[in-house]
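Participant: Top line first, the protein sequences correspond to chains A and B. Each number in my numbering comes from the position in the first sequence (counting from 1) with 495 added on. Each number in my numbering comes from the position in the second sequence (counting from 1) with 56 added on.
Simulated from the structure, these hints should not be mistaken for lab results. Given the structure is predicted, the values throughout are model-derived calculations rather than measurements. Beta carbons: idealized from backbone N, C-alpha and C, even for Gly. Accuracy of the hints is not assured; some may be wrong.
[To be verified] SDA-like cross-link-like pairs, simulated, lysine to any residue; straight-line CA separation at most 20 Å:
{"hint": "1", "chain 1": "B", "residue 1": "Lys-412", "chain 2": "A", "residue 2": "Ala-617"}
{"hint": "2", "chain 1": "B", "residue 1": "Lys-429", "chain 2": "A", "residue 2": "Leu-719"}
{"hint": "3", "chain 1": "B", "residue 1": "Lys-429", "chain 2": "A", "residue 2": "Phe-718"}
{"hint": "4", "chain 1": "A", "residue 1": "Lys-748", "chain 2": "B", "residue 2": "Pro-387"}
{"hint": "5", "chain 1": "B", "residue 1": "Lys-365", "chain 2": "A", "residue 2": "Tyr-747"}
{"hint": "6", "chain 1": "A", "residue 1": "Lys-748", "chain 2": "B", "residue 2": "Lys-331"}
{"hint": "7", "chain 1": "B", "residue 1": "Lys-85", "chain 2": "B", "residue 2": "Lys-331"}
{"hint": "8", "chain 1": "B", "residue 1": "Lys-65", "chain 2": "B", "residue 2": "Leu-82"}
{"hint": "9", "chain 1": "A", "residue 1": "Lys-679", "chain 2": "A", "residue 2": "Leu-606"}
{"hint": "10", "chain 1": "A", "residue 1": "Lys-748", "chain 2": "B", "residue 2": "Ser-265"}
{"hint": "11", "chain 1": "A", "residue 1": "Lys-724", "chain 2": "B", "residue 2": "Asp-423"}
{"hint": "12", "chain 1": "A", "residue 1": "Lys-722", "chain 2": "B", "residue 2": "Ser-431"}
{"hint": "13", "chain 1": "A", "residue 1": "Lys-724", "chain 2": "B", "residue 2": "Thr-409"}
{"hint": "14", "chain 1": "B", "residue 1": "Lys-412", "chain 2": "A", "residue 2": "Pro-506"}
{"hint": "15", "chain 1": "A", "residue 1": "Lys-724", "chain 2": "B", "residue 2": "Pro-387"}
{"hint": "16", "chain 1": "A", "residue 1": "Lys-748", "chain 2": "B", "residue 2": "Asp-423"}
{"hint": "17", "chain 1": "A", "residue 1": "Lys-636", "chain 2": "B", "residue 2": "Leu-384"}
{"hint": "18", "chain 1": "A", "residue 1": "Lys-724", "chain 2": "B", "residue 2": "His-422"}
{"hint": "19", "chain 1": "B", "residue 1": "Lys-412", "chain 2": "A", "residue 2": "Phe-689"}
{"hint": "20", "chain 1": "B", "residue 1": "Lys-331", "chain 2": "B", "residue 2": "Val-541"}
{"hint": "21", "chain 1": "B", "residue 1": "Lys-444", "chain 2": "B", "residue 2": "Ser-428"}
{"hint": "22", "chain 1": "A", "residue 1": "Lys-679", "chain 2": "A", "residue 2": "Phe-689"}
{"hint": "23", "chain 1": "B", "residue 1": "Lys-126", "chain 2": "B", "residue 2": "Gly-215"}
{"hint": "24", "chain 1": "A", "residue 1": "Lys-722", "chain 2": "B", "residue 2": "His-422"}
{"hint": "25", "chain 1": "B", "residue 1": "Lys-412", "chain 2": "A", "residue 2": "Lys-748"}
{"hint": "26", "chain 1": "A", "residue 1": "Lys-722", "chain 2": "B", "residue 2": "Thr-409"}
{"hint": "27", "chain 1": "A", "residue 1": "Lys-542", "chain 2": "A", "residue 2": "Leu-519"}
{"hint": "28", "chain 1": "A", "residue 1": "Lys-722", "chain 2": "B", "residue 2": "Lys-412"}
{"hint": "29", "chain 1": "B", "residue 1": "Lys-280", "chain 2": "B", "residue 2": "Ser-265"}
{"hint": "30", "chain 1": "A", "residue 1": "Lys-636", "chain 2": "B", "residue 2": "Asp-326"}
[Claimed, not checked] Here are the computed distance ranges between Cβ atoms for each label pair:
{"hint": "31", "chain 1": "B", "residue 1": "Ser-461", "chain 2": "A", "residue 2": "Gly-550", "range": "43 to 49 Å"}
{"hint": "32", "chain 1": "A", "residue 1": "Leu-516", "chain 2": "B", "residue 2": "Gln-424", "range": "38 to 44 Å"}
{"hint": "33", "chain 1": "B", "residue 1": "Lys-511", "chain 2": "A", "residue 2": "Trp-721", "range": "32 to 38 Å"}
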Amino acid sequence: MAAAVDKSRVPWWVSNLIVPLVNLILALLVSALFIFIAGENPVQAVKLIIYGSFGYLDGFAYTLYYTTNFVFTGLAFAVAFHCRLFNIGGEGQAYIGGLGVFLVAINVSFLPVPIVWLLAIAGAFIFGAAWAFIPAYLQAKRGSHVVITTIMFNFIASSLMVFLLVDVIRDMKQMGPHTVALPKEIWFPTFKEFAALFGIKIRYSPLNISFLLAIAASFFVWFLVWKTKWGYEMRAVGHNMQAAIYAGISPYKNIIIAMCISGGLAGLLGINEILGVHHKIVAGFPAGYGFTGIAVALMGRNHPIGIFPAAFLFGILYQGGSEVTFDMPNITRYMFVAVQGVIILFSGALENLFRPQIESFFVNRLNMKREI
Amino acid sequence: MVSPILELKNINKSFGHVQANKNINLTIKKGTIHGIIGENGAGKSTLMSIVYGLYQADTGSINVSGKEIKLRSPRDSIESGIGMVHQHFMLVENFTVIENIVLGFEGEFVFGKKLEKAKEDLQKLCETYKLNIDLDSVISDLSVGFRQRVEILKSLYRGAEIFILDEPTGVLTPQEVDELFKILRSLKEEGKTIVLITHKLNEIMDLTSEVSVMRQGEVVGHTKTTDTNKEKLAEMMVGRSVLLRLNKAEAKLGDVVFKVENLTVKDDLDVTRVKNVNFEIRSGEILGLAGVTGNGQTELLEALSGIRKVESGAIYLNDEKISDKDNLLDPRELKEKGLAHVPEDRQRMGLVTDFKAYENLIFGYHDQEPYSKSSILRDGDILSFSKKVMEEYDVRPRSPQLITSNFSGGNQQKIILSRELNENPKILLVGQPTRGVDIGAIEFIHQRLIDMRDKGAAILLVSVELDEVLSLSDRILVMFDGNIVGERVNKDVTDRDLGLLMAGVA
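Construct the complete structure from the given sequences, taking the supplied hints into account.
Facilitator: Okay, structure coming up:
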């Protein structure tokens with residue numbers, strides 16, 4: 496019989512570092528098996544991934560650009576999750592957030608640039624939050640489960656945006672489903688421009704100052720969840736709704752607040768993509784970041800300190816993975832979707848698969864040391 | 057000399073760093089009722105789980121009738137003639153009695169003759185031990201007392217010679233307890249052996265012939281019941297002398313603080329659980345509300361504390377109407393008006409068990425100064441407050457950063473009490489303040505409640521423990537099926553009187 500481990504004796508670093516790390520390693524081993532079956536050398540693939548994501552400056556900048564997106568969507572998922580809400584609508588909230596960025600920016604572009612930026616960030620947040628509000632309201636008032644409603648809202652968002660991009664806000668001078676470009680003055684400064692200041696030439700890089708916004712958002716989430724009464728109340732509702740009601744904390748209110756903040760954070764993805772990269776709304780720009788954010792948050796144990804490295808890891812996989820698909824004909828980009836899937840499987844669904852063994856291993860080890 | 061039916065030698069069991077059982081030696085003679093008494097966390101349940109094969113001991117041996125046995129699972133212990141009646145019954149609710157009894161062995165019966173034979177055997181057992189069970193009734197139709205009998209019958213049928221009963225009376229009315237004791241005595245007369253785990257001293261004195269006392273994982277005493285008394289046992293349990301009678305002065309009654317008028321409350325399933333209830337509480341008074349679990353006390357408490365909607369009637373605090381059909385002050389507004397509530401079920405309602413202790417110590421007060429300012433929690437002030445009250449209420453361990461679920465039941469209860477009593481409420485609603493709490497802490501908690509009363513608080517005490525209601529209350533109401541069926545002044549009331557009221561007989 497696997498002895499039940501006394502949780503209070505498990506050091507924090509075992510449950511928060513070692514266990515996720517073991518899960519990750521297992522996921523990567525399984526992924527290596529996929530690559531092997533596909534007829535390529537896994538060791539070579541790992542080398543390519545590392546080179547592609549770290550080996551040269553352009554590549555590294557790409558890695559950080561992806562990281563930015565994953566931080567936003569990962570934080571978004573985490574905030575809702577602290578209220579035990581499974582917000583899988585990050586994709587749609589990001590899409591609508593992008594609409595907010597564009598509409599605000601194009602209408603206030605005459606204002607001083609920093610103010611345009613602030614307003615655009617507010618626009619992204621408010622539009623994303625508004626899109627999350629409807630499922631939140633339905634959950635709080637009518638008990639319609641957010642898992643169902645948020646995923647439906649992804650489809651609604653997608654259809655709505657296609658409609659807008661084709662019939663309403665399309666740049667009518669051309670055929671593609673995208674809008675006109677925002678005026679150049681209000682584009683976010685990019686890493687390319689920054690590097691040029693130091694005389695370093697880069698061909699192209701989507702990395703821009705949204706990365707700093709992602710760091711700020713991480714800090715914001717940490718402060719909100721652990722240092723304010725709102726975070727306290729959200730967590731109380733999430734952990735024990737009965738107790739929250741007893742303490743006069745309204746589940747109704749907190750479900751809505753948590754979902755709106757979550758949606759708002761997902762909306763910030765629009766800042767990176769629109770002010771930073773495309774400078775217009777392009778159909779389908781959230782490109783699955785919203786879904787990957789779920790994995791990022793689960794892997795990061797819903798804490799900004801964990802989400803940031805997890806987002807970075809996924810950045811490496813995205814960037815390094817595309818490098819691999821260039822060089823290895825047998826590996827398609829779908830292979831990396833599968834790799835992501837395996838990581839989600841091991842760090843999400845099978846999170847506790849080896850936890851008891853690992854924890855009791857370390858607890859016994861530490862006990863032995865003490866007894867000696 | 058005949059070898060004892062059950063003999064434990066040098067049993068040790070650790071969970072991580074905690075040693076739950078230390079060098080336990082225990083000898084139980086055939087045909088006796090042997091009591092094992094100890095505080096919560098003393099290691100009684102762990103020891104019995106070892107005997108029943110749920111856990112395995114780290115070292116030590118177990119002998120049944122002189123033969124050493126290896127217990128790897130409950131199946132081994134059943135084969136050795138050991139049966140267990142758990143605190144929480146292990147029955148399938150929508151099966152009949154007989155289906156439950158053959159469960160796990162059903163392969164041998166399938167249909168037809170063997171089942172008929174089983175039924176005959178069970179009928180006989182029922183008659184021998186006067187169990188009085190209808191074998192074809194569905195478990196969910198049976199009262200708690202009868203479900204317990206089904207558990208006993210199940211063990212009997214499986215050939216148990218030794219019966220382990222873990223806190224068997226916790227959920228029973230006094231009358232049901234009497235019935236149970238009759239059954240246990242008849243089991244003993246037929247030569248069966250009974251191990252009774254309890255923390256109630258009365259039961260030990262009533263029923264057992266021998267008693268072993270456990271404290272902190274060890275057996276600290278072993279004696280014939282006739283050679284001891286309640287005070288001595290209590291002292292052994294806690295390791296110091298305990299006041300079984302509280303230091304309680306005469307109540308100094310003040311004005312009516314809290315008044316309930318024609319109150320009717322429904323539960324979540326729209327069933328009326330509180331029916332037209334009236335009472336009032338004066339300052340400096342403890343009003344006890346006795347009753348068997350599930351007779352409307354829970355819904356009443358929830359309505360009084362602003363959690364549950366009132367169907368009709370009204371509640372007044374200091375002559376101000378705080379709740380009626382149309383209006384309901386929420387728990388936070390009530391707190392501001394001086395109402396505190398210690399809920400019946402601390403883990404379901406009183407605490408967020410995943411929170412750290414300091415987070416629970418401000419639960420419900422978290423948006424008040426000094427704990428938070430401009431919506432930002434002030435960790436420094438919260439922690440220093442936490443340390444202070446943990447000291448004052450002797451919460452162990454004194455680690456505000458520890459996750460609450462790692463505290464024992466009694467200490468979790470102290471966390472709630474220190475939080476709710478700290479604000480010196482005018483009216484205090486207390487549900488089951490000492491459920492699952494050990495004797496040392498019970499004494500402490502009771503004394504605190506009396507202190508609150510003497511400071512002028514009006515206290516409503518809801519408890520299923522008769523002893524508790526009797527020793528604390530100045531006045532007692534009995535609730536049955538949503539009605540207040542009796543009111544007694546504490547001076548002239550007996551257990552039996554209350555018991556009959558609780559059972560709805562009187």
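Participant: Confirm or reject each hint.
Facilitator: Each hint, compared with the structure:
{"no.": "1", "hint": "B:Lys-412 with A:Ala-617", "result": "violated (34 Å)"}
{"no.": "2", "hint": "B:Lys-429 with A:Leu-719", "result": "holds (14 Å)"}
{"no.": "3", "hint": "B:Lys-429 with A:Phe-718", "result": "holds (14 Å)"}
{"no.": "4", "hint": "A:Lys-748 with B:Pro-387", "result": "holds (15 Å)"}
{"no.": "5", "hint": "B:Lys-365 with A:Tyr-747", "result": "holds (16 Å)"}
{"no.": "6", "hint": "A:Lys-748 with B:Lys-331", "result": "violated (32 Å)"}
{"no.": "7", "hint": "B:Lys-85 with B:Lys-331", "result": "violated (51 Å)"}
{"no.": "8", "hint": "B:Lys-65 with B:Leu-82", "result": "holds (7 Å)"}
{"no.": "9", "hint": "A:Lys-679 with A:Leu-606", "result": "holds (14 Å)"}
{"no.": "10", "hint": "A:Lys-748 with B:Ser-265", "result": "violated (59 Å)"}
{"no.": "11", "hint": "A:Lys-724 with B:Asp-423", "result": "holds (6 Å)"}
{"no.": "12", "hint": "A:Lys-722 with B:Ser-431", "result": "holds (9 Å)"}
{"no.": "13", "hint": "A:Lys-724 with B:Thr-409", "result": "holds (18 Å)"}
{"no.": "14", "hint": "B:Lys-412 with A:Pro-506", "result": "holds (16 Å)"}
{"no.": "15", "hint": "A:Lys-724 with B:Pro-387", "result": "holds (17 Å)"}
{"no.": "16", "hint": "A:Lys-748 with B:Asp-423", "result": "holds (15 Å)"}
{"no.": "17", "hint": "A:Lys-636 with B:Leu-384", "result": "holds (19 Å)"}
{"no.": "18", "hint": "A:Lys-724 with B:His-422", "result": "holds (7 Å)"}
{"no.": "19", "hint": "B:Lys-412 with A:Phe-689", "result": "violated (45 Å)"}
{"no.": "20", "hint": "B:Lys-331 with B:Val-541", "result": "holds (11 Å)"}
{"no.": "21", "hint": "B:Lys-444 with B:Ser-428", "result": "holds (17 Å)"}
{"no.": "22", "hint": "A:Lys-679 with A:Phe-689", "result": "holds (16 Å)"}
{"no.": "23", "hint": "B:Lys-126 with B:Gly-215", "result": "holds (18 Å)"}
{"no.": "24", "hint": "A:Lys-722 with B:His-422", "result": "holds (11 Å)"}
{"no.": "25", "hint": "B:Lys-412 with A:Lys-748", "result": "violated (23 Å)"}
{"no.": "26", "hint": "A:Lys-722 with B:Thr-409", "result": "holds (19 Å)"}
{"no.": "27", "hint": "A:Lys-542 with A:Leu-519", "result": "holds (18 Å)"}
{"no.": "28", "hint": "A:Lys-722 with B:Lys-412", "result": "holds (14 Å)"}
{"no.": "29", "hint": "B:Lys-280 with B:Ser-265", "result": "holds (6 Å)"}
{"no.": "30", "hint": "A:Lys-636 with B:Asp-326", "result": "holds (19 Å)"}
{"no.": "31", "hint": "B:Ser-461 with A:Gly-550: 43 to 49 Å", "result": "holds (47 Å)"}
{"no.": "32", "hint": "A:Leu-516 with B:Gln-424: 38 to 44 Å", "result": "holds (42 Å)"}
{"no.": "33", "hint": "B:Lys-511 with A:Trp-721: 32 to 38 Å", "result": "holds (36 Å)"}
When each numbered hint is compared with the structure, violations occur for hints 1, 6, 7, 10, 19, 25.
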